[in-house]
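Participant: Build the full structure now, drawing on both the sequences and the hints.
Residue numbers (numbering that gives the first Met the number 0), protein chains in the order written: chain A, 0 to 177; chain B, 0 to 797.
Treat the hints loosely; a few may be bogus.
In silico negatives: residues of chain B with every beta carbon more than 10 angstroms from chain A [what the hints assert, rightly or not]:
| no. | residue |
| --- | --- |
| 1 | A38 |
| 2 | D46 |
| 3 | A87 |
| 4 | D89 |
| 5 | D148 |
| 6 | P204 |
| 7 | L432 |
| 8 | D470 |
| 9 | E607 |
| 10 | G652 |
| 11 | T713 |
| 12 | R769 |
Coverage of chain A stretches by chain B, computed from C-beta distances (three or more under 8 angstroms per stretch; other residues unrestricted) [unchecked claim]:
| no. | segment |
| --- | --- |
| 13 | 37-48 |
| 14 | 73-80 |
| 15 | 84-96 |
| 16 | 101-107 |
| 17 | 131-141 |
| 18 | 144-157 |
To be clear, the hints were calculated from the coordinates, so they are not data collected in a lab. The beta carbon of each residue, even a glycine, is placed where N, CA and C say it ideally should be.
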Amino acid sequence: MIATRLSYPLTVDGVTWRVRDAPLTASLLTVLREQLGITSVKDACEQGRCGSCSVLLDGTLVTACTVLAADASECRVTTVAGLPADGPADAVRRAFAEAGAVQCGFCAPGFVVAVTDLLTRRPSAGEEEIRTGLAGNICRCTGYGRILAAIRAAAAAGATAVAGEVAAGEVAAGEAAR
Amino acid sequence: MTGQTGAGETGAGQTGAGQTGAGPVGTAARRPDGPAKIAGTFPYAGDLRVPGALVAAVLRSPHPAARIARVDTAAARALPGVAAVVTAADVPGAQTYGLIVPDQPVFARDVVRYHGEPVAAVAAVDATAALAALAAVDVKYEPTPPLTDPTLVWDGAPRDHPPVHPDGDVFGEIHISHGDPDAHGPVAVSGHYVLGIQDQAFLAPEAALAVPAADGGVDVALATQWLHSDREQMAACLGLPEEKVRLTLAGVGGAFGGREDVTLQVHVALLALRTGAPVRLSYGRTESMLGHPHRHPARLSYRHTATRDGELVSVTARLLLDGGAYASSSPAVLVNAVTHAAGPYRVPNARLDGATVRTNNPPCGAMRGFGVPQAAIGHEAQLDRLADALGLDRLELRRRNLAQPGDVLPTGQHLPGPFPLREALEIVAARPLPPPPSGPAEARAEARAVRRGVGYALAFKNLLFSAGFDDYSTAAVHLELGPDGEPIAVVRSAAAEVGQGFVTVAGQIARTETGLSAAVVTPADTSIGSAGSTSASRQTWMSGGAVRGAARRVVDELLARTARRLGLPAAVAREPRRMLAIIDGEIVAPEAGARVPLSRAVREALAEGPLVAEEVFRHRPTQPLDARGQGDVHVAFAAAAHRAVVDVDVELGLVRVVAMALAQDVGTVVNPLALTGQVEGGTAQGLGWAVMEELVVERGVVVNPTFNGYLLPTFADVPDLDFTPIEIPQPDAPYGVKGVGEAPTCSATPAILAAVRDAVGRDLFHIPIRPWDLVGPRDLVGPWDLTGPRDRVEEGAA
Chain A
0 MIATRLSYPL
10 TVDGVTWRVR
20 DAPLTASLLT
30 VLREQLGITS
40 VKDACEQGRC
50 GSCSVLLDGT
60 LVTACTVLAA
70 DASECRVTTV
80 AGLPADGPAD
90 AVRRAFAEAG
100 AVQCGFCAPG
110 FVVAVTDLLT
120 RRPSAGEEEI
130 RTGLAGNICR
140 CTGYGRILAA
150 IRAAAAAGAT
160 AVAGEVAAGE
170 VAAGEAAR
Chain B
0 MTGQTGAGET
10 GAGQTGAGQT
20 GAGPVGTAAR
30 RPDGPAKIAG
40 TFPYAGDLRV
50 PGALVAAVLR
60 SPHPAARIAR
70 VDTAAARALP
80 GVAAVVTAAD
90 VPGAQTYGLI
100 VPDQPVFARD
110 VVRYHGEPVA
120 AVAAVDATAA
130 LAALAAVDVK
140 YEPTPPLTDP
150 TLVWDGAPRD
160 HPPVHPDGDV
170 FGEIHISHGD
180 PDAHGPVAVS
190 GHYVLGIQDQ
200 AFLAPEAALA
210 VPAADGGVDV
220 ALATQWLHSD
230 REQMAACLGL
240 PEEKVRLTLA
250 GVGGAFGGRE
260 DVTLQVHVAL
270 LALRTGAPVR
280 LSYGRTESML
290 GHPHRHPARL
300 SYRHTATRDG
310 ELVSVTARLL
320 LDGGAYASSS
330 PAVLVNAVTH
340 AAGPYRVPNA
350 RLDGATVRTN
360 NPPCGAMRGF
370 GVPQAAIGHE
380 AQLDRLADAL
390 GLDRLELRRR
400 NLAQPGDVLP
410 TGQHLPGPFP
420 LREALEIVAA
430 RPLPPPPSGP
440 AEARAEARAV
450 RRGVGYALAF
460 KNLLFSAGFD
470 DYSTAAVHLE
480 LGPDGEPIAV
490 VRSAAAEVGQ
500 GFVTVAGQIA
510 RTETGLSAAV
520 VTPADTSIGS
530 AGSTSASRQT
540 WMSGGAVRGA
550 ARRVVDELLA
560 RTARRLGLPA
570 AVAREPRRML
580 AIIDGEIVAP
590 EAGARVPLSR
600 AVREALAEGP
610 LVAEEVFRHR
620 PTQPLDARGQ
630 GDVHVAFAAA
640 AHRAVVDVDV
650 ELGLVRVVAM
660 ALAQDVGTVV
670 NPLALTGQVE
680 GGTAQGLGWA
690 VMEELVVERG
700 VVVNPTFNGY
710 LLPTFADVPD
720 LDFTPIEIPQ
730 PDAPYGVKGV
740 GEAPTCSATP
750 AILAAVRDAV
760 GRDLFHIPIR
770 PWDLVGPRDL
780 VGPWDLTGPR
790 DRVEEGAA
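Facilitator: Structure representation (structure tokens):
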């Protein structure tokens, strides 16, 4: 006899919740939105096609609608609110607001997660890689033009920041040598 | 594109009351709601939660046509956790609703007319209980043969199918007769086109939260395009006076026409009233795609004739739009389709006939372009054919026939200006083409089956509501003190922000008119008069006009009170702008040698009472079409020209859009960043319909109501848009604005079709283009050739 409802811990953005009596078949998306009230994770297609519910599962980009919540119990779930502060997330958020990448905005949280993931892995991704890498995130409003502009701006900001760190590191090394 | 960097703008980092740094009209002010949307904290309709809310669900017919022999809800009501089950028998007021004609039942009672028609709705303690209740509702359907071929309703052919609806099966019929409709030139081309259904596919499915009120009414927060239209229809069905149905706009995740109709509104409110508890209802994707009306599929038959040197002599067209089971906005869509059928060209003689009919297919209504994209596909394909038949360059044929302001359109209306379509055409024609496909030699060898094509299309799109509709918008502007004690302009309007950026534009207008740096737009609701629909490219012009008018009047009052405090003559207080002006944060009266900081002036004026003004804005009246299809039917037009470059794999039948260029008549630019967003998004939706988007219906059943089955353009499918705005102020519009969102959708699709025809050298009869249209047998034309002989070139026929 397999239980049809389960209780289990779920760690989201560093906070461990107790999921109570959730249907075994409940997706991570459903549990986040309906049990935990985390509505920044959006429900647009529930087939893994649009990326509106993009989250990181132990650092890997997934669509929360195609992951069973119970399977995520042992994992770290990261939503748009929990993206690491030392990565490109802040630059991505700023660039989305500044570049006009948001209209209705329903795709935005998922996009920010996916773009942050891409720029973390591939900080100097070119246009082709950006386009194919983000083909799983649908935006119906913008035609992607301003989103591409935002990603380029965020990547450039990241490159500047890295250059700054390298420069600072060189100074520190120089001082140590003296 | 110029001026979109918006140097000095800092509005994006701020939200809510006291927002500063966003600029006036003409600047790239950032969205006030942008940061919250990016952070995921912006409350969309489906995110609303209140304690104790029940969850609703709707039972829908699996059949496109059926008699309902029985609906038994007893078992569903008896299930644990189920609070209410409602059917047609529980609707207290009008049984039907509709945007134009109230022909759509709240719930099917005896007859089902389309796949997905609501039959019952439930409210339960949670989604699991609600779905169990739906499964327990016992409905006995007796399926009947669906009427799914619209030509059986409107080509005069006899049919043995009974009417789909007692109101009749023709929603509208228009016959435009212009010049000598029987005239024709020596060169003729005919073409026939089948257009599939496009879905709006806004990203956030329909959702609402209804809360019953102590006065017997109901408060509903929902995603919609037109609060007051919803309220009117809901109140009638609920049997309540309108003031007891209070609506507030929740966050709207896109619309594109798909939220202009009532879908879940009556159901959720009825369940809240029935249970006495808050009820929330959210559609999933499949329910969304079955639940709202789509872009009309159409069958177009065209015949163009011209002189041998390429001057248009006549256009004959028949347009048949399948409206599906219920009227929605079909009659109005038809007006647009037929009045735009001949395109933005000088056409001395025309016979343009159109009808929109009822079938058992999905209901169709508003989608971006509203009948014009269908017409544009027809007239642009025809212009290319005619050019080829004449041996003329395709652009040159257009140059010779382009309509100019003052030219008489087939409706008898003189084309209003400005109308810089010739300039738009020349701009896109002169833009640099993308480099040819390149890469390693092996890749080039593999690419031998890939052919490149270039296509152009022109379109015009009417702005605002047409055909005599009393189109207006209401707005109020209050001058108040913000939390920091500084003055702030507060804009109230029922205009629905659906993503297009009205909240940004309204704030820019309020700042421009009041001279204040802080302006906020309160959530839209029905406590103020109607703003009309967020559709027809109308809100910047109409509600922008209302906000400007209200702001000017509240400033008049501020100046009058200030004049009195300054001891200026009473005549000045009556017409204060003759002596006072707001300049750089001060009220100045140079003749009186007076200067008052604006913040002090507002504080002092508020001591005399609230500073508030309301404005109702109307555009100039239009006329309905008469029996010959004549009338001054449209307020104004926007013009757009697109060039598309495509690569077609002629072995696999796949199309890749390589580049798009657009030049568009945009009037005064209120916000260059928002403008770019609108035309890029509008282009992408036109691209989608050209090459991938089709809601497929087989014998009345929608077979692909999911994002797995219905393909949307992704990041990898939409190229950069090379956009050139043409900024000529529209004389009768506030600030000279023009609506910008729809025109590019109308021209994008036919430009891509033209590019694909150019690449493959064959006619295309079906939109969207499918692989087998490119690699299958040629000349697949349906039996609905309605214009007469299909001669390509008739020498000497005149």
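Participant: When the structure is checked against the list of hints, which entries are broken? Sort them ascending.
Facilitator: 1, 2, 6 and 11
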